[in-house]
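Residue numbers (our numbering), protein chains in the order written: chain A, 373 to 1181; chain B, 217 to 504.
If you're looking for bench data, these hints aren't it; they were derived computationally from the structure.
Note that beta-carbon positions come from the ideal geometry of N, C-alpha and C, so glycine has one too.
Honestly, I wouldn't trust all of these hints.
What the hints assert, rightly or not - With beta-carbon atoms standing in for the labels, derived distance ranges:
{"#": "1", "chain 1": "A", "residue 1": "Lys745", "chain 2": "B", "residue 2": "Asp223", "range": "57 to 67 Å"}
{"#": "2", "chain 1": "A", "residue 1": "Leu779", "chain 2": "B", "residue 2": "Tyr301", "range": "45 to 55 Å"}
{"#": "3", "chain 1": "A", "residue 1": "Asn495", "chain 2": "B", "residue 2": "Asp450", "range": "38 to 48 Å"}
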Amino acid sequence: MSKIEDVLLAVPEVKHKKNDGTLYIMKERIAFIVENRETCLASHSFYDIKMQKISPEGKPKIQLQVVLHDGNSSTFHFVNRKGQQQQIADREKVKDLVQKLLPNFKRKIDSELEEKNRVLTENPKLLQLYKDLVISQILTSEEFWKIHGKDLQNLKGNTNKQEIGVSGAFLSEIKPVTDGCNGFKYNLTGEIIECIFKAYPAVKKKHMECVPLKLSESEFWTRFFQSHYFHRDRITAGLKDIFVECGKMDDSTLRKEIRSNLGDPFLDLGKFGDNTIEEGFCSSNTNDQKTDSGGGNIVHQSIIKRFNQHSFMVLKTCQEKAVEVINDDSNKNDEKEKKLNGSSESKKKRKTIEVIEEVPPTIEELAEQQLKKKQKIVEKIQYDDLGNDEVDSSLPVSSNALNLERLERYLYGPTPSSSTVTSERVNKVQEYSPDAVDHMLRNNAKDWGQRVPHTQIINPTQAVNALGDLSPGGLLMRGYQDHNLSQFVPIDFEKEVNNLYLSACELLKEFWSCFPLTTPELEAKAVKMHDTLQRFNMSKVKPFEDRAMRELSPLGTQLVSHINLLIETSFIKFNKSKKNQTMPTDVPSETSFDDFLCNQAKTEYRILFEMKLLMSEFPSGSIYILPNKNHSLSWDGVMFVRSGPFKNGIFRFTLHLESTFPNQKFHPTIKFIDSMTHPLVSPDTFLFDASHAFPTWSENDHIYEILKFLKYAIENVDYCCTQIQNCANQKAVDLYNSDKSKFLEISRETITQSIKSVFNSDNDDDRNNHAFWFDKRIIEDGLHDQIIENMKNSSDSCENLTFSLDRRG
Amino acid sequence: MNELNADDPSLLVIALDTNPSQSILKRKPNLLTNILNSISAFGNSHLMQKPQNKLAVIGCHHHTSKFLYPSTDKSLEVRQIDGQYEYFTLVEKSIKTNLADMITNAPKVASNNESMLAGCLAMALCYITRIKKSQPPGCNLNTRILVITGSEDSAHQYMTYMNVFFTAQKEKVVIDICALDNTLVLLQQGCDITGGQYLKVPQIEGLLEYLLWIFLPDPAIRSKLALPPPVKVDYRAACFCHRELIDIGFVCSVCLSIFCKFSPICTTCSTVFKVPVPLKPKKKKIKT
Chain A
373 MSKIEDVLLA
383 VPEVKHKKND
393 GTLYIMKERI
403 AFIVENRETC
413 LASHSFYDIK
423 MQKISPEGKP
433 KIQLQVVLHD
443 GNSSTFHFVN
453 RKGQQQQIAD
463 REKVKDLVQK
473 LLPNFKRKID
483 SELEEKNRVL
493 TENPKLLQLY
503 KDLVISQILT
513 SEEFWKIHGK
523 DLQNLKGNTN
533 KQEIGVSGAF
543 LSEIKPVTDG
553 CNGFKYNLTG
563 EIIECIFKAY
573 PAVKKKHMEC
583 VPLKLSESEF
593 WTRFFQSHYF
603 HRDRITAGLK
613 DIFVECGKMD
623 DSTLRKEIRS
633 NLGDPFLDLG
643 KFGDNTIEEG
653 FCSSNTNDQK
663 TDSGGGNIVH
673 QSIIKRFNQH
683 SFMVLKTCQE
693 KAVEVINDDS
703 NKNDEKEKKL
713 NGSSESKKKR
723 KTIEVIEEVP
733 PTIEELAEQQ
743 LKKKQKIVEK
753 IQYDDLGNDE
763 VDSSLPVSSN
773 ALNLERLERY
783 LYGPTPSSST
793 VTSERVNKVQ
803 EYSPDAVDHM
813 LRNNAKDWGQ
823 RVPHTQIINP
833 TQAVNALGDL
843 SPGGLLMRGY
853 QDHNLSQFVP
863 IDFEKEVNNL
873 YLSACELLKE
883 FWSCFPLTTP
893 ELEAKAVKMH
903 DTLQRFNMSK
913 VKPFEDRAMR
923 ELSPLGTQLV
933 SHINLLIETS
943 FIKFNKSKKN
953 QTMPTDVPSE
963 TSFDDFLCNQ
973 AKTEYRILFE
983 MKLLMSEFPS
993 GSIYILPNKN
1003 HSLSWDGVMF
1013 VRSGPFKNGI
1023 FRFTLHLEST
1033 FPNQKFHPTI
1043 KFIDSMTHPL
1053 VSPDTFLFDA
1063 SHAFPTWSEN
1073 DHIYEILKFL
1083 KYAIENVDYC
1093 CTQIQNCANQ
1103 KAVDLYNSDK
1113 SKFLEISRET
1123 ITQSIKSVFN
1133 SDNDDDRNNH
1143 AFWFDKRIIE
1153 DGLHDQIIEN
1163 MKNSSDSCEN
1173 LTFSLDRRG
Chain B
217 MNELNADDPS
227 LLVIALDTNP
237 SQSILKRKPN
247 LLTNILNSIS
257 AFGNSHLMQK
267 PQNKLAVIGC
277 HHHTSKFLYP
287 STDKSLEVRQ
297 IDGQYEYFTL
307 VEKSIKTNLA
317 DMITNAPKVA
327 SNNESMLAGC
337 LAMALCYITR
347 IKKSQPPGCN
357 LNTRILVITG
367 SEDSAHQYMT
377 YMNVFFTAQK
387 EKVVIDICAL
397 DNTLVLLQQG
407 CDITGGQYLK
417 VPQIEGLLEY
427 LLWIFLPDPA
437 IRSKLALPPP
447 VKVDYRAACF
457 CHRELIDIGF
467 VCSVCLSIFC
477 KFSPICTTCS
487 TVFKVPVPLK
497 PKKKKIKT
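Start from the sequences and build out the full structure, keeping to the hints where you can.
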């Protein structure tokens, strides 16, 4: 690498770490290469170098030490064979060159360091963190700044946004200097002129008009300071000068401003009135106003006008800034002025208004005003953080009224826990009936008219017992000392615990922000943070715990138990995630409990949805299906066949969903409870094969669709035999194709068998657990006829009725 | 609370649960006499502390709540007995006669009637407000309510209780609870909210001692005494589905109903929720 860079100086015969070699000084680094080898034993960028030290004169060894910013240092020993003089000369050469080069790099570092230093001093919290984490070498300083770089940026951003305002005393700060004769000299700087322009826009205009052409720069300013315009606040004789116009200009802009109401369509400055509470409060002003209305005190009027004008200017600049400036300290001056003027502003407005002639606004202006008003309203009622979907729809807002079905739920508190009630019931003695209690109370009440001897109210032993309960250490005073725990902890311990929490929380925050580990960077970061936490635990928490144990023996563990818990939790999480990484993800649902819950909820919701869809999509009368009462992933169904070779058969079946439903590869399995000779029903497993219609299963497929297919396939054997290749029961297909009558015979047998099995539920578990189950009594007791009757009466309720009768459990 | 001044006179309203269906009376109906005696003694002790102190006693029976003292309808003729101050005799006598009246005139207990304690507390608050208003300007009055009951917690009065508690807090009325029999979770909250004292009496026979020790001192000076430490109050919410206390649950974002289990449709306001979507990386894994 050294070959690429320019070598500025090469000093042979230098020892470093007892190796002989050559010291090279390159443009950006200082490097040491061992003799006869290519390896670079030491290489320091100038960025890293803090300073260099040389061995004091008179020492036998001629050395140069380079101290780095991170505290490390490298020492180079100059061993020129020509003697000490030469050695010193070598060292001087190196030293001078490094000295020359270092400042170039230093400045960069310094500015950065200074910035960091400033940030640290401004944030005591950050400083504490820095002390805890960096100085104790839990984190390196780079890592620390990487984490808190954002804060740094923010701080920088804030400081850059300030804008210098006009000082309130900008004019009085211009110190006039007597020139010895009868005059004054004003020293104007560019900044002052800028301020004057800002405060008196009319002067700026005038300046632009006059200066290069009519007057010289100095002449202009002399006139300005002499002018009535400048002095009009004070009473001076009216001099004829160029600034007379300025006053008029100001007046006209002021009038314009009032008419535009500062750009706020809802503000009417003309309406501002001055209401004093009574005579005596602000009386000087109000009196003036009254007497002035006839055109009296010109001084007050002009000063009021000046105030008004000034407040307008302040308001204007504020409005301009409002967009960008959030809160500036430099605005203090402005604000002060504003406050000062605000009071006078409102008071005097009315009078100024009188002078203004009303100009009827044109239609365009009106329209524009309307638009502005609308904008202003929208601005006021719209919030960024509340979505704006309702506002921009021009349609009438169709907000759903809140419909609380069970209002009473809000009104009830928790039910008293049954456990306490029962426990109290256990040791109850004997309870009288309410009537007896009432009777006894009435009897007692009769005696209440008599006086009670005082000894009866409480007897001494009981009083002493009660006192015992209430004295410290008694039954009721247990734990009386407990809440004073904080008093036992000395302040320095408290502070330390605070600091521990601060650092621990910071590290933990970083640690947990890595999860879930979706990218390799995050994983790497998690590993790093885990190590850091371990280091923190060992170097900070453990020593503190030991100390606390020693010095505050009963409380030691309590103080840090929570921190330990926090750290332990993070370790557990880390180890768990590591385990998951090493293991192939065969059990995806176990990676996180949240996901698991999510998936489960999703599946359950999907099942509910399927059920609802089924109810609305599937016509009743042939297939009834219900999720099993024990597990919702298995559904029980029964099919009444209305046509085809299996007509009048009643077949029960179960439908199984996978736990990942609806994300499953194959269609839900449908299994018949009893055997059935059908092309699509496997003769061995009784499974119905729907892969012809549903080769795969996706979220877009629904259960009612597969049931429709089932119904169709059972009722149309012909279709199955002719259209479908590779049927599950090839024998049945062959039989159907060759000997239809034989097939029909078998199917008839199946039908009778199915009806029999439906009514005869033997001890077979599989059958008994099925949701659909028929009782012979339905037919025998005439219930069946009743149901039919009911069905005729109300076609709606037929479904419910059959369900309620069929459902068991 | 720091506005309470120990030098100001105080008004104490005692709300006494006399409902015959409360379990403690069912077991020992004669206890009521004992309780009554203790309360009149306690009330008189309160009056004795400062000449300006005021007292009111409300009886909460199974059908109604009524002021036992000061009685509204008739004035009792009191003369001195045993050298007792007539005022105290009046207090004791009017409490007892009025309660006897109430009990004898009460309709028969139908079944297990709940004591309408919340209503009784509301009455007490109204009374306190009235007295406070009639105070001459510049005079402060420390006010508190002492509830003495052996009933159980009632879920049905939950809302009324809460309204009473927060009104009391706003009016700076301290609510003290003296539970004779059951632990009262709901009323504990009231104590906690208003800064009162909660006590479950270990032995009912020593009631007067407990009352004098714990409830006689004004709240303003209680901080200086060694009183039983405040109980840890359980502020957990009850789920709307089973009325059980839960630490973490699901809250409907529309009507704020609380549920202990996730359900896709809010059963209170019928809002349909989106199904929580699993994280994206997860989805990929499933698909592959």
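Each hint, compared with the structure:
1. A:Lys745 <-> B:Asp223: 57 to 67 Å: Holds - the Cβ-Cβ distance for A:Lys745 and B:Asp223, about 59 Å, lies within 57 to 67 Å.
2. A:Leu779 <-> B:Tyr301: 45 to 55 Å: Holds - the Cβ-Cβ distance for A:Leu779 and B:Tyr301, about 53 Å, lies within 45 to 55 Å.
3. A:Asn495 <-> B:Asp450: 38 to 48 Å: Holds: the Cβ-Cβ distance is about 40 Å, inside 38 to 48 Å.
In the structure shown, no violation is registered for any of the earlier numbered hints.
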